[in-house]
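Asker: Add chain B to chain A, keeping to what the hints say.
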Amino acid sequence: MAGDRKDVPTIDSAELKELTDKLITSCHILDHEGITDGYGHVAVRVPGAEAFITIANISPGSVTRDRLIMQDFAGNHLDGATTPPNEWPIHACILKARPEIVSVAHTHSKWSTIFSVLPVKLKPLHHYGKFLSADGPPVYEGVGLVRTIERGNDLAAALGDGPAVLMRAHGDAVVGESIEQMIERTTRLAMLGEWNHLALLHGQPKYLSAEELEVYNADQKFPLRGWEYFIDRLRRARTRME
Amino acid sequence: MAAGDYKGPAFDSSELQELKAKVINACLILDREGITDGFGHVSARIPEQAALLTIAQVSPGCAALDKLVLLDFDGNYLGGAKPAPYEWPIHACIMRARPDVMSVCHTHSKWSALFSVLKKGLRPAHMYGRFLPVGGAPIYPDAGLITSVERGNALAVTLKDGAATLLRAHGDAVVGASVEQAILRTVQLAFLGELAHLAAVHGGPDYLTEAELATFAGDRSFPARPWEYFLSRLGERRVA
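Chains as they are written, first to last, in this note's numbering: chain A, 1 to 242; chain B, 1 to 240.
These aren't lab readings, by the way, just hints derived from the structure by calculation.
Distance condition first, Cα-Cα at most 20 Å in a straight line; then the derived DMTMM-like pairs of lysine to aspartate or glutamate:
id, chain 1, residue 1, chain 2, residue 2
1, B, 119, A, 212
2, B, 82, B, 66
3, B, 67, A, 232
4, B, 119, A, 194
It should be emphasised that the depicted structure is a prediction, and the values quoted were computed from it without experimental measurement.
Chain A on its own, in the form it takes in the complex:
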């Protein structure tokens, strides 16, 4: 069944140009920063609509404008490329459950995956982890791809009102109130995972307490700094390549 696209702007409309440009850039950043491999996707909510734009069955590192797809929250095709990612319900169900969220990333980040299968938790031991709770992100236990609305809703329930959820033997889903915040959180979650791994080889690290995490909120203040830096790194990588 085709979706009702009344009042929804097209992917190539001027009003969505900035968001779709950022969406493509965010995919390239996740690839360049070593978070995604051939899989994973990023979605952005279409402002004011029950719809989102994501990438259509292509690696984040390879995405181009003609590979964007718009769907409604029931998975109906609204615009753009015609092969939705298998796991579109990750985006649809989280965006539906969390009206404040603008962007969702789903990756197979090495560091999220490792902590998704360990008895120890990935917990904040650096203030980059300010966006997490002191006991770290929850783990969605359902193994396998999230290809149905039922599983998407289970994942959204596991995420709760948090910023990130690990997916057992799979990866993670990370949300943000902007694409920039989603990128900051996804990259920092990977960094924290690596640092947790390194620290745990030495025994028990001294994690930040809930009170200490309250001291400041770097996550809210600085998403643009990382964004600007990652774009600069992309630009330099491309200059070397060309």
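Answerer: Same frame as chain A, now just chain B:
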């Protein structure tokens, strides 16, 4: 100190040109060598002034001439880009407490962040660690950003007369008698951290003793050598 008390060279004066280029290259080096991510900053004291030059809320890897700011030790704005970095007291308070320090680097170096949350500390297992005490770099214990003079002074107390301090769950602050020395120490501190980590995986290194550390002073003699090398690795990013 009021902003009008500054009698040193103006931000746009040709006198500061060389120092500006040095601070920018220092920032780019820390990025190129994989020490900084989107955050951190390098400062240089304005000779014989209670003032410093640093980068204004930009990633060290994106440092440029139009991103520098001149501040006095009370954080008063004296010229250049705005706004000042939130953690300017790291630089101002350390320089005020330590007249010998001409440059301060603050980074979120992975290896400093790691050892800042471990019990055993970051101790020298290589002669590069000549600038560290045998028991390892001190750790500033408070979590959070250093955005006040009070916290900056507490950090300077932890650093004392040393070359480097780790900041718990945060990173490090490293000082030098020149920008070149501060950069060399910052890079070497990361090297020492990685080395100590790798060795710990094997059961722990045979750390250098106090007497052994005293047998050479590579830290003081050769900062020009790696500086030249680090500059060459910047390629076209280097500013003249």
